[in-house]
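Enquirer: Quick note, the sequences are listed as chains A and B, same order. For the first sequence, the working numbering assigns the number 4 to the initial residue and increments by one for each residue that follows. For the second sequence, the working numbering assigns the number 4 to the initial residue and increments by one for each residue that follows.
Just so you know, the hints here were simulated from the structure itself, not pulled from any lab data. You can trust all of the hints, since none of them are fake.
Output of the computed footprint for chain A on chain B, the stretches with three or more beta carbons under 8 Å from beta carbons of chain A: (1) 19 to 30; (2) 63 to 77.
Taking lysine to any residue pairs in the SDA-like style, the calculated list, with each CA pair at most 20 Å apart, reads: (3) Lys-40/A x Asp-29/B; (4) Lys-245/A x Gly-155/A; (5) Lys-40/A x Gly-63/B.
Coverage of chain A stretches by chain B, computed from C-beta distances (three or more under 8 Å per stretch; other residues unrestricted): (6) 42 to 49; (7) 186 to 193.
No residue lacks a Cβ here, since even glycine has one placed at the ideal position from N, Cα and C.
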Amino acid sequence: MQSALILGASSGIAQAFGRLLAERGVTLYLVARDPRKLEAVSADLSARGACLAGTEVLDLNLHAEHAAMLERAWAALGPVDLVLVAHGMLGDQAACEADPALAMELMRTNYAATGVLLLHLATRLEAQGRGQLAVLSSVAGERGRRSNYIYGSSKAGLSALLSGLRARLAPAGVQVVTVLPGPVRTAMLAGRPLPPLTVEPELVARQLLRGLERGAHTLWLPPKWRAIMAVIRALPEAIFMKLKF
Amino acid sequence: MSESLLSWGRWPRRPQRAIALDWLPDHLPTLGPSKLLPRGQGRSYGDSCLNSRGLLLTTGALDRVIHFDRETGVLRAEAGLTFDDLLRLCLPAGWFPPVTPGTRFLSLGGAVANDVHGKNHHGAGTIGHHVRALELLRSDGSRQLLTPADTSGLFRATIGGLGLTGLITWVELQLVPTRGPWFESHTVRFSTLAECFEIGPELQARHGYTAAWIDSLAPAGQSGRGLYICGDPSDSSEPAAWREPRLRIPLDCPEWLLNPLSLKLFNTLYYRQPLKQGRVHAWPFLYPLDVLADWNRIYGHRGFQQWQCVVPSADAPALCAELLSRIRAHRQGSFLALLKTFGSMDPAGLLSFARPGVTLALDFPMLGERTARMLQELNALVREAGGALYPAKDAQMSAEDFRSGYPRVEEFEGFRDPLLESDFWRRVRGGGEA
Ligand SMILES: Cc1cc2nc3c(=O)[nH]c(=O)nc-3n(C[C@H](O)[C@H](O)[C@H](O)COP(=O)(O)OP(=O)(O)OC[C@H]3O[C@@H](n4cnc5c(N)ncnc54)[C@H](O)[C@@H]3O)c2cc1C
Numbered sequence: 004m005q006s007a008l009i010l011g012a013s014s015g016i017a018q019a020f021g022r023l024l025a026e027r028g029v030t031l032y033l034v035a036r037d038p039r040k041l042e043a044v045s046a047d048l049s050a051r052g053a054c055l056a057g058t059e060v061l062d063l064n065l066h067a068e069h070a071a072m073l074e075r076a077w078a079a080l081g082p083v084d085l086v087l088v089a090h091g092m093l094g095d096q097a098a099c100e101a102d103p104a105l106a107m108e109l110m111r112t113n114y115a116a117t118g119v120l121l122l123h124l125a126t127r128l129e130a131q132g133r134g135q136l137a138v139l140s141s142v143a144g145e146r147g148r149r150s151n152y153i154y155g156s157s158k159a160g161l162s163a164l165l166s167g168l169r170a171r172l173a174p175a176g177v178q179v180v181t182v183l184p185g186p187v188r189t190a191m192l193a194g195r196p197l198p199p200l201t202v203e204p205e206l207v208a209r210q211l212l213r214g215l216e217r218g219a220h221t222l223w224l225p226p227k228w229r230a231i232m233a234v235i236r237a238l239p240e241a242i243f244m245k246l247k248f
Numbered sequence: 004m005s006e007s008l009l010s011w012g013r014w015p016r017r018p019q020r021a022i023a024l025d026w027l028p029d030h031l032p033t034l035g036p037s038k039l040l041p042r043g044q045g046r047s048y049g050d051s052c053l054n055s056r057g058l059l060l061t062t063g064a065l066d067r068v069i070h071f072d073r074e075t076g077v078l079r080a081e082a083g084l085t086f087d088d089l090l091r092l093c094l095p096a097g098w099f100p101p102v103t104p105g106t107r108f109l110s111l112g113g114a115v116a117n118d119v120h121g122k123n124h125h126g127a128g129t130i131g132h133h134v135r136a137l138e139l140l141r142s143d144g145s146r147q148l149l150t151p152a153d154t155s156g157l158f159r160a161t162i163g164g165l166g167l168t169g170l171i172t173w174v175e176l177q178l179v180p181t182r183g184p185w186f187e188s189h190t191v192r193f194s195t196l197a198e199c200f201e202i203g204p205e206l207q208a209r210h211g212y213t214a215a216w217i218d219s220l221a222p223a224g225q226s227g228r229g230l231y232i233c234g235d236p237s238d239s240s241e242p243a244a245w246r247e248p249r250l251r252i253p254l255d256c257p258e259w260l261l262n263p264l265s266l267k268l269f270n271t272l273y274y275r276q277p278l279k280q281g282r283v284h285a286w287p288f289l290y291p292l293d294v295l296a297d298w299n300r301i302y303g304h305r306g307f308q309q310w311q312c313v314v315p316s317a318d319a320p321a322l323c324a325e326l327l328s329r330i331r332a333h334r335q336g337s338f339l340a341l342l343k344t345f346g347s348m349d350p351a352g353l354l355s356f357a358r359p360g361v362t363l364a365l366d367f368p369m370l371g372e373r374t375a376r377m378l379q380e381l382n383a384l385v386r387e388a389g390g391a392l393y394p395a396k397d398a399q400m401s402a403e404d405f406r407s408g409y410p411r412v413e414e415f416e417g418f419r420d421p422l423l424e425s426d427f428w429r430r431v432r433g434g435g436e437a
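So here's chain B without its partners, still in its complex pose (with noise of 0.2 Å):
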């Protein structure tokens, strides 16, 4: 089976068939009874991004720039452009994407599917808040052109829209002027996760760009320690005299390297490092992860699982705090747990993930029946406190989750392409797993 077709979380791993679309197709490929699903950069860590009863259409190869205008910013481009390459383009002639997310090896089309949030979602939104314009090709024949001023529904359904209600062909964004690849980065570090929730209003307030890293194998007294990681683009034009580091993960490490206790070690090592304060290159600061490639390799053969939560911010605090100490009695911490407050702006598309609350990433080595028995119980916390998971990051939550998280589901179906499905789709809507 070809790795290159896992999900980025490399479980669950089954067999999967691709076309690869090398032009904008005139409509989609009809293959008998075979379901379709675009694919993107499969950068999503679940399951959303597979399709193993059916057909991929893959789209790496539609990445050409339909229209580019460096004086207002406007950037038209087919849906398989990466981030990595549109900032190659945008950044010399002083433009910024106005949200990524923490990687740069994800697809436009991708983006807008699963309508991606970054750091700085308090003040700009999702992607789906900056999208002009996009093109869906449908299993009906039909080339639609959608603007947020759409009134039928289908460009809030397609924001959001994990691929199902149709193709998306190209994209139109507004880009944000930046003068130059710089941030001004700014690290608190908070000891208690008490001290995380008081002193986050006022940096999300005085910073454009904010996360908490939070460790979550702290010993017990420490629990909730960590670090708030905040910037601004910075107002240097300096010339990127910054090389970024290539370093690949060449193969799947063994399995024992992810232990309790290196994880451990790990995250008191990140916890108590100097804090970096001024410019740094936005690479390192949004992107810290890309720098080596292939890290999802790390957790060997198994693959792992991202979980990612949000839940409404009155119950945040205690309710994050819950969520870490079930971790710790399953000993699962992760190496990366992320904290951030969400924006209060509406969602950009009907089955948008952000929404108003506070959201938390966790990722865990998949290790069978144990892990699905912790995140089964981390679930159903979420539920109960009526907040959400994220699909892109997902491969466990049940139908009843999704529901519950997603109460505009039913709507949504309206506008699905009955000849698109994922394997996420037929798990969550009870059509079986695969």
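Just chain A, with the same shape it has in the complex (with noise of 0.2 Å):
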């Protein structure tokens, strides 16, 4: 891998797969929505070894803008052989449910705005022939759960999508990585109780990168999710209504 496009560089996940592809000394271009964030982030990474081609700041929910970015970061780069999205909010359920309005914006980051990144970006890598596009998704996304059903389904939107995606660009020689990220101590979850099963960024990012050079195309992060989430997928709805959890 020589060229890295990540949209949402400043999410902890993708601050610390940043870090693994600067040792490596592979080119960046980096977007996210703080610039000071931005500012912090590409400052690392490029001290440690990262090649940055660019960096912009932009809010992905402004989604006509999306086609010039990455017009800009494809001549930046040149020949991009991975894209990471992984930007994304956790939103705050009952402030959702006390006020509807509220969940759109939750909606809008987490499926309509990266939806449409994600058809931009499919363009492109089509007509580019190769290269690799992951996404962080979520297990959230795999059962509307009572505690966060509003941001599950943004997410299961999200990797329905993807699997879609994932069958239009095979034949392009595009392989679409669909992340399955459980929970992860970021900056995401500040402020909360940590949930149980909780790992840290840099463990997922490792095993990010392994999977991306594997050629997975789902990747439960870590792997112990994909048992856990076939278990709460199979529980017969009367049951799992009555859960809180």
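Make one complex out of these two single chains by using the hints.
Expert: Okay, structure coming up:
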């Protein structure tokens, strides 16, 4: 891998992943919403050995900007070996339930805007005729749970979109990877009690890189989530609906 | 309670609450009357990294490098960067930290706040001697860029300032050039404490890194026997074909594991080991304990206490002998007793521990009152000799011990941030334990 485009570059997983690429001297193009965070992350990655082809401040919810941003990224990087889509938000479910309008931002960020971005990316990668597209979805998208079904549904939509895109892009030689992390100790969880089985972003990043090298299409991070979610999916609805978690 | 927020000695055990800092903040969080304490990697043994009555500000995610000049070896990074991470970055580029303690799993901020020393103190001083600049965030909303040229006194108060002068957001260090990760090591066996003091000066003059391990459980006639471990960075630029074994103590060991007999056995075997001479990797040379992750759990649930003092050189031979004999009388030997002679340079900070003299460090399983009584006895000897105890290792020194070892504490009070406090500070300043 020689070049990578990271969207949502200041997310905890993206930072840890970016450092692994930096150690390998990969050329990066970074996009994030907050200029100060982007600056801190890009300084860190370049000090750690990454070659920065460019950085760009952009709120990816502004979907009208996607095409121009990708144009600039491709111009800076040349062919793009890997695209990592890592932006998203967890939201506050109780607040969304009290004021459904708040749910809109969450659904838009995690599903609609990301989906539109992926459609732009699909066209670019298809034309390029190779490359990997890794997208952070979530184990929460596997079944809507009482405690975070709004977030979960946005990720469910994203996962469904990815499985279709995978089929579409495979003939062009482009590999679409659905990444399904469990809880990861990053800023996304800040201020909340850490859920059980929370892991460090460094671990997730290492497993992600290994999975990409192996050519996986779905990555449960860490892998035990695959078995856990198989059980959770298999629970009869009559029982599942009584669970509070 | 979160295990990860104990101190390294795992005693005292008090519940801690924390706020994780993910990005450099613009100001310190203010949460009503709660006092705050910055926290690095929790590698301090006692209670200087605990704040039971308030909140910890954890800095683990503040680990971004801000600038690294591979030509000059100047590195500026957020204060949560660990030495382990720093080494991974600077070693391949031919640079090494100027000073490193016996673990590489500590943060830059923690290193500065305790003004840590290493085996090369006699030549290199403490980490504070190599800080080119740092930024401090205070509760009055100010953000101060401090350098050694600072005339306000705040820089010197922050070096060794125990996290109480503000949140250190970043640190800029001058690294030293190195050819590779290798050390040429040279170990000398000595059979009495007197011999240790005799051969010390010459070994220090010849080697950049020195420390003496002492068998604190030796039979009475051989008291003070031990090994002088010396070394220097190697000229070899051979690539690192060395992999650190990864071992981990997965749970609290049963408390009978470390008993007088097993400790004695360990010490005897250690003393009699074949002497290693020649090229060793920096990791086992500088960080012998880091091979065993979570080694502090060897002591079991009760935890343990480190005890480290520094005493004036002139009295050191007699005093160290006396300390060791008291420890033997209490039947509380330790498997790590280390002795080192500090260099003669002025301390870098107002409350720096390292100062001209001889330092002795030991660890003891926490046996409640028994341990407390012995430590009080040792503390009294140190106090009478005009020495000091190391806050980074401490959970029991008295207010009097502290005042006598750190005579500039009143001056320091003038620089302390009123929002910041630790269990240690409340204890030694008479604000109650937790
Ligand atoms: C195996 C081992 C060997 C050791 N060997 C040595 C040695 O040879 N020499 C030596 O000097 N020490 C040694 N130590 C002690 C260790 O170096 C110190 O305790 C060091 O301060 C630990 O750093 P930390 O990041 O874990 O900080 P913590 O223990 O979490 O905190 C230490 C202090 O730093 C303050 N602090 C942390 N981050 C900040 C920040 N960003 N801003 C302001 N204040 C901050 C805290 O408030 C606290 O007062 C050793 C420890 C271990 C476990």
